[in-house]
Amino acid sequence: MLAYFARRAVFAVFLVFAVSSASLLLARLAPGDYVTESMGLGAQGKTREDARARLGLDRSIGAQYRDWIVRAAHLDFGRSLQYDRPVIDLIPEHAANTAILAVSALAIATLLGLPLGVVTGSRKSGAVVGLIRSASLVLLSLPPLLTSLFLVFVAAKTGLLPVGGMTSSTGGELLSHMVVPVAALALPLVAMFERLQSQAMSEIAGQPFVIAALGRGVPLSRVIWRGALKNALRPIASVYGLVIGTLLSGSFAVEAITAWPGLGQLMLNALRARDVYLVTGCAAAGSIFLAAGTLLSDAALALVDPRTGHRSNRSHLSQG
Amino acid sequence: MRTFGLALLAVTIVAAAGAPFVGPYAIDRKFTGFPSAPPTRPHIVDDHGGWHAPFIYPRRLASRLEQRYEEDRSTRVPLTWFTGGHLVSSSSDDAPLFLLGADSYGRDVFSRLLHGARISVGLSFVAAAGATILGGLLGGIAGYAGGLLDDVLMRGSDFVLVLPAMYVVLALRSALKLVLPPAEVFALLTGIFAIVGAPFIARGVRAIVRSEKQLDYSAAAASLGASHTRLLLRHLLPAARGFVAVEITMLVPSFIVAEATLSYVGLGFPDPVASWGTMLQEGSNVRAFADFPWLLSPAAAMFLVVLGLNLVMQGGAKSLRYERSL
Numbered sequence: 001m002l003a004y005f006a007r008r009a010v011f012a013v014f015l016v017f018a019v020s021s022a023s024l025l026l027a028r029l030a031p032g033d034y035v036t037e038s039m040g041l042g043a044q045g046k047t048r049e050d051a052r053a054r055l056g057l058d059r060s061i062g063a064q065y066r067d068w069i070v071r072a073a074h075l076d077f078g079r080s081l082q083y084d085r086p087v088i089d090l091i092p093e094h095a096a097n098t099a100i101l102a103v104s105a106l107a108i109a110t111l112l113g114l115p116l117g118v119v120t121g122s123r124k125s126g127a128v129v130g131l132i133r134s135a136s137l138v139l140l141s142l143p144p145l146l147t148s149l150f151l152v153f154v155a156a157k158t159g160l161l162p163v164g165g166m167t168s169s170t171g172g173e174l175l176s177h178m179v180v181p182v183a184a185l186a187l188p189l190v191a192m193f194e195r196l197q198s199q200a201m202s203e204i205a206g207q208p209f210v211i212a213a214l215g216r217g218v219p220l221s222r223v224i225w226r227g228a229l230k231n232a233l234r235p236i237a238s239v240y241g242l243v244i245g246t247l248l249s250g251s252f253a254v255e256a257i258t259a260w261p262g263l264g265q266l267m268l269n270a271l272r273a274r275d276v277y278l279v280t281g282c283a284a285a286g287s288i289f290l291a292a293g294t295l296l297s298d299a300a301l302a303l304v305d306p307r308t309g310h311r312s313n314r315s316h317l318s319q320g
Numbered sequence: 321m322r323t324f325g326l327a328l329l330a331v332t333i334v335a336a337a338g339a340p341f342v343g344p345y346a347i348d349r350k351f352t353g354f355p356s357a358p359p360t361r362p363h364i365v366d367d368h369g370g371w372h373a374p375f376i377y378p379r380r381l382a383s384r385l386e387q388r389y390e391e392d393r394s395t396r397v398p399l400t401w402f403t404g405g406h407l408v409s410s411s412s413d414d415a416p417l418f419l420l421g422a423d424s425y426g427r428d429v430f431s432r433l434l435h436g437a438r439i440s441v442g443l444s445f446v447a448a449a450g451a452t453i454l455g456g457l458l459g460g461i462a463g464y465a466g467g468l469l470d471d472v473l474m475r476g477s478d479f480v481l482v483l484p485a486m487y488v489v490l491a492l493r494s495a496l497k498l499v500l501p502p503a504e505v506f507a508l509l510t511g512i513f514a515i516v517g518a519p520f521i522a523r524g525v526r527a528i529v530r531s532e533k534q535l536d537y538s539a540a541a542a543s544l545g546a547s548h549t550r551l552l553l554r555h556l557l558p559a560a561r562g563f564v565a566v567e568i569t570m571l572v573p574s575f576i577v578a579e580a581t582l583s584y585v586g587l588g589f590p591d592p593v594a595s596w597g598t599m600l601q602e603g604s605n606v607r608a609f610a611d612f613p614w615l616l617s618p619a620a621a622m623f624l625v626v627l628g629l630n631l632v633m634q635g636g637a638k639s640l641r642y643e644r645s646l
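In the order they appear, the protein sequences are chains A and B.
1 is the number of the first residue of the first sequence in this note's numbering; add one for each residue after it.
321 is the number of the first residue of the second sequence in this note's numbering; add one for each residue after it.
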């Protein structure tokens, strides 16, 4: 078990390293640089060369990369070119905003999707089951891009909820600004969890141990909510690792549409301005999220399925 | 339900294929007198209760500031059928037919939606085909060869699968010039989506090829002298057909959404081109959505296409759904 977690931790570290290196190189290889994007065509050649030299953009890719690695090892991720502030100052605030979205959406999806899935999976038919199933089918066809568009429309039309313009992150105001983006991100996920859980439950329902428990006279609701549920948690636990990626992807669209000042927005602006160090910082922050998420999901999987650490078939991704 | 899904997809494909004919106007035709005009309602009964061939009432911009329109109920403008290469159009350019309203430049949203389907849906299917070829080859080779090559290829695709696909797309897209001509954007996005989608296909194909290789028919083909290439391409890969079909129905919606997201943030197609994403960008400020809800029609179209694909896939393989990650 320990060896398993050690392996996963090594993978997590490698993930962060590889993603930030790749994004630095990609951003550096892109045509144009911060100087051409910010100064426009009017600037003289000399002015541009000076600016490049001042910002350290005139060095070769190799030299820049080496320099970045050495500094990153000391937790210095360089200065953002467009904001002229250390990258490490800019990231936490935006990363926290994205984390708030992702974590609340994941919590809501789990708290709603799991019980709904248990209900639909343990019953054959009925009005409630039919209703939940059709709602899920509709929501599965609405990725966060669309849910956020529709929710923004509804919010703007009714005027009940604020749309965009989230600036301060204090108490009630934050909460009211959160409703639209969190709901947009959570709804498709609720549907996905409901479907997965429902399927797992209906598969478990035919297992001998369920029939045996019923035969011993254990009440049906207890069998469902205690015995079967525990065994049916594995599929959900195993997708948590993948869902983190889905959430980050989804939150990019949601942030763009609801003008939520998160990591996605910061990275998009940085990419547009060719602000290489900020791009790399955002990628590093995102990959730390991802690494933490996959580690947590591995832990969750080990918790609900004791066989996890011993399986020769290593990764949770191998459930194709 | 499956039939309904197939019907949705059929309508989309026919509408996209026949866009220049079905849509009343060209995508860049601007009616300057009609910025953000609401949808035109075709009538067959006039105010006096008389029946006519389908007609519309002409409208006039009453207030440019409030973008309010007044209908002139005294004259009727008949619709023309099969003229000028269009299925249906208005007989007068002073009273254009806007079935889904107009955007802020006075361009017909309905025509643009149909042309947008060509780009959005077309791009997604081409990209899915690319992902299938790339993923099928990688997965096939990994499963067939086994050993170190298998390990390297599968670890690589595991790695890509963990990453948030939207960010991978974004990073690859922005590694090239931010503004490109439409044809290049099309090729570029197709390539990027194919690369990002390939690992999903590769994983499953590898597993299938691996297990099929153990079966007797494979040994029989090998002992009859089939070469490695022939064994892989003619005998083993076809076994993955069902899996690939299901995967494609999941990749296509993700690609449609990814294109829309990129175009929405300005990294997709440039303006005069109509794709569902560029159309949504039009209404990208909140006021516009509240006042001109017809600008959301590309979002509705996207929903219907994705719903159609989901319905078709339903019996397919539900258990695979959680692999979607865009």
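Just so you know, these hints were derived from the structure itself, not from any lab.
Beta carbons are placed, not taken as given, at the ideal position from N, Cα and C, and that holds for glycine.
There could be a bad hint or two in this list.
Stated by the list, open to error - List time: in silico BS3-like cross-link candidates among lysine-lysine, alpha-carbon distance up to 30 Å: (1) Lys-497(B) with Lys-157(A); (2) Lys-230(A) with Lys-124(A); (3) Lys-350(B) with Lys-46(A); (4) Lys-497(B) with Lys-350(B).
To be verified - Residues of chain B clear of chain A, computed beta-carbon distances all greater than 12 Å: (5) Pro-355; (6) Pro-359; (7) Phe-445; (8) Ser-574; (9) Phe-623.
Now for the hints, and whether the structure bears them out:
For the hint pairing Lys-497(B) with Lys-157(A), the CA-to-CA distance comes to about 38 Å; that exceeds 30 Å, so the pair is violated. As the CA atoms of Lys-230(A) and Lys-124(A) are separated by approximately 20 Å, the hinted pair is consistent with the 30 Å bound. Only pairs whose Cα atoms come within 30 Å are accepted, and Lys-350(B) paired with Lys-46(A) is rejected, the gap being roughly 44 Å. Note on Lys-497(B) and Lys-350(B): the hinted pairing holds, with a Cα-Cα distance of about 29 Å set against a maximum of 30 Å.
Remark: the non-interface label on Pro-355(B) is consistent with the geometry, its nearest Cβ contact in chain A lying 19 Å away (cut-off 12 Å). No Cβ of chain A approaches the Cβ of Pro-359(B) within 12 Å, the least distance being about 16 Å, so the stated non-interface status holds. Under the 12 Å C-beta cut-off, the non-interface status given to Phe-445(B) relative to chain A holds; the minimum distance is some 17 Å. A cut-off of 12 Å between C-beta atoms contradicts the statement that Ser-574(B) is not in contact with chain A; the least separation is 8 Å.
Distance check for Phe-623(B) against chain A: the nearest CB is about 6 Å away, which does not clear 12 Å, and the non-interface claim fails.
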